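S.K.: Keeping their order, the protein sequence lines are chains A and B.
For the first sequence, position 181 (counting from the first letter as 1) is numbered 181 according to full-length UniProt numbering, and the numbering increases by one without interruption.
For the second sequence, position 86 (counting from the first letter as 1) is numbered 86 according to full-length UniProt numbering, and the numbering increases by one without interruption.
Hints should not be assumed to be uniformly reliable.
Said to hold, decoys possible - Label pairs and their computed distance ranges (CB to CB):
{"#": "1", "chain 1": "B", "residue 1": "N95", "chain 2": "A", "residue 2": "V186", "range": "41 to 49 Å"}
{"#": "2", "chain 1": "A", "residue 1": "V106", "chain 2": "B", "residue 2": "T71", "range": "33 to 41 Å"}
{"#": "3", "chain 1": "A", "residue 1": "K128", "chain 2": "B", "residue 2": "K59", "range": "48 to 56 Å"}
Unchecked claim - Chain A side only, calculated, beta carbon under 8 Å to chain B, not exhaustive:
{"#": "4", "residue": "L7"}
{"#": "5", "residue": "D9"}
{"#": "6", "residue": "S11"}
{"#": "7", "residue": "L77"}
Note that these hints are calculated values from the structure, not bench results.
This structure is a prediction, so every number in the text was calculated from the model and none was measured.
Using N, Cα and C, we set each Cβ at its ideal position, and we do this for glycine too.
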Amino acid sequence: MESKDYLKDISEIKNMMNKSSRFISLSGLSGILAGIYALIGAAIAYWLVTTSVRGYLILDGAIFRICLFILLMVAFLSIVTGIILTTKKAKKHGAKIWDATSKRLVYNFLIPMVAGGLYIIIILSQGKYGHTGGLMLIFYGLALVNASKYSIGDIQYLGLIQIALGLIAALFPGYGFWLWVLGFGVMHIVYGTWMHFKYDVNK
Amino acid sequence: MSIITNINKAFDHRIRLGIMSILMVNEYADFKMLKELLEATDGNLASHTKALEKAEYIKVEKQFIGRKPNTRYSTTNLGRAEFKKHISALEKLINKQ
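Using the sequences and the accompanying hints, generate a full structural model.
M.R.: Below, the structure is given as structure tokens:
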């Protein structure tokens with residue numbers, strides 16, 4: 001028995017533990033694109049609201065409905081892009097896209113996301129919308145922290161940043177929009193770039 | 001010499017090492033999952049799971065999902081303890097050199 005064999009054993013153990021419990025084919029590039037979608041969406045919404053007659057957002061206007069539509073489009077495009085790029089990356093690695101690890105990842109990500117989404121819809125229907133930006137950041141952050149146990153561990157830090165931004169937004173509701181832009185737009189781009197160079201480029 | 005005694009012969013094979021590694025971080029794994037992850041043949045995997053089962057390092061549960069039989073594996077407390085010992089023995093051997 002050589003020590004080289006033992007080293008191989010240890011790396012095999014590590015490899016199997018990770019491979020069997022974490023889905024690591026998430027694409028950094030999809031994070032960058034999600035950030036760009038969010039910035040474009042926010043810019044359109046900002047332009048619509050500031051050039052409207054009132055100059056601010058009210059809950060039952062047409063502009064509010066358009067903003068809601070933009071928000072859904074941003075979310076939809078981000079998810080589709082994420083799925084396509086992640087599938088591509090998984091294929092390149094020879095990993096399966098829909099296996100026990102990715103199912104577990106999606107399940108754990110969705111629990112805070114669905115709870116938060118429903119909560120926001122409920123309070124919007126009650127006419128309270130001042131905290132929507134902060135709530136979105138907090139629940140999204142919680143979803144990321146929860147999902148990080150089943151994927152690349154670094155996602156946790158992005159989640160913690162989103163939660164912090166969400167709490168700041170709760171303190172200063174007037175800046176909710178800008179914190180949302182910072183969290184969903186800028187942070188996604190910064191983080192996606194970091195992930196892209198850390199995991200995608202060298203391999 | 002004392003370190004060498006902690007190297008467990010029962011884990012001294014790539015497939016067995018793999019089975020234990022997977023079961024350490026998952027509540028359980030079924031035969032298909034082990035097979036895909038370890039890229040082993042049915043017969044090969046079956047003989048190694050049997051060996052680990054015999055040593056009482058893993059538990060085997062047979063059940064039906066719908067009409068399909070499904071065999072799933074999980075570690076025993078003994079298996080976890082022995083595997084941890086094995087890993088730290090490996091680490092010590094590596095650090096020594």
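S.K.: Now look at each hint and say whether the structure bears it out.
M.R.: Hint by hint, here is what the structure shows:
Separated by about 44 Å at the C-beta atoms, N95 (chain B) and V186 (chain A) satisfy the suggested range of 41 to 49 Å. For V106 (chain A) and T71 (chain B), the hinted distance range of 33 to 41 Å is not satisfied, since their beta carbons lie about 26 Å from each other. The beta-carbon spacing between K128 (chain A) and K59 (chain B), approximately 52 Å, falls within the hinted interval of 48 to 56 Å. The closest approach between the C-beta of L7 (chain A) and any C-beta of chain B is roughly 6 Å, which is under the 8 Å cut-off, so the hint is satisfied.
Hint status for D9 (chain A): holds, given a least beta-carbon distance of 6 Å to chain B, under 8 Å. About 11 Å separates the beta-carbon of S11 (chain A) from the nearest beta-carbon of chain B, more than 8 Å, and the hint is not met. Because the smallest distance between the Cβ of L77 (chain A) and any Cβ of chain B comes to about 32 Å, over 8 Å, the interface hint for this residue is violated.
Going through the hint list in order, the structure does not satisfy hints 2, 6, 7.
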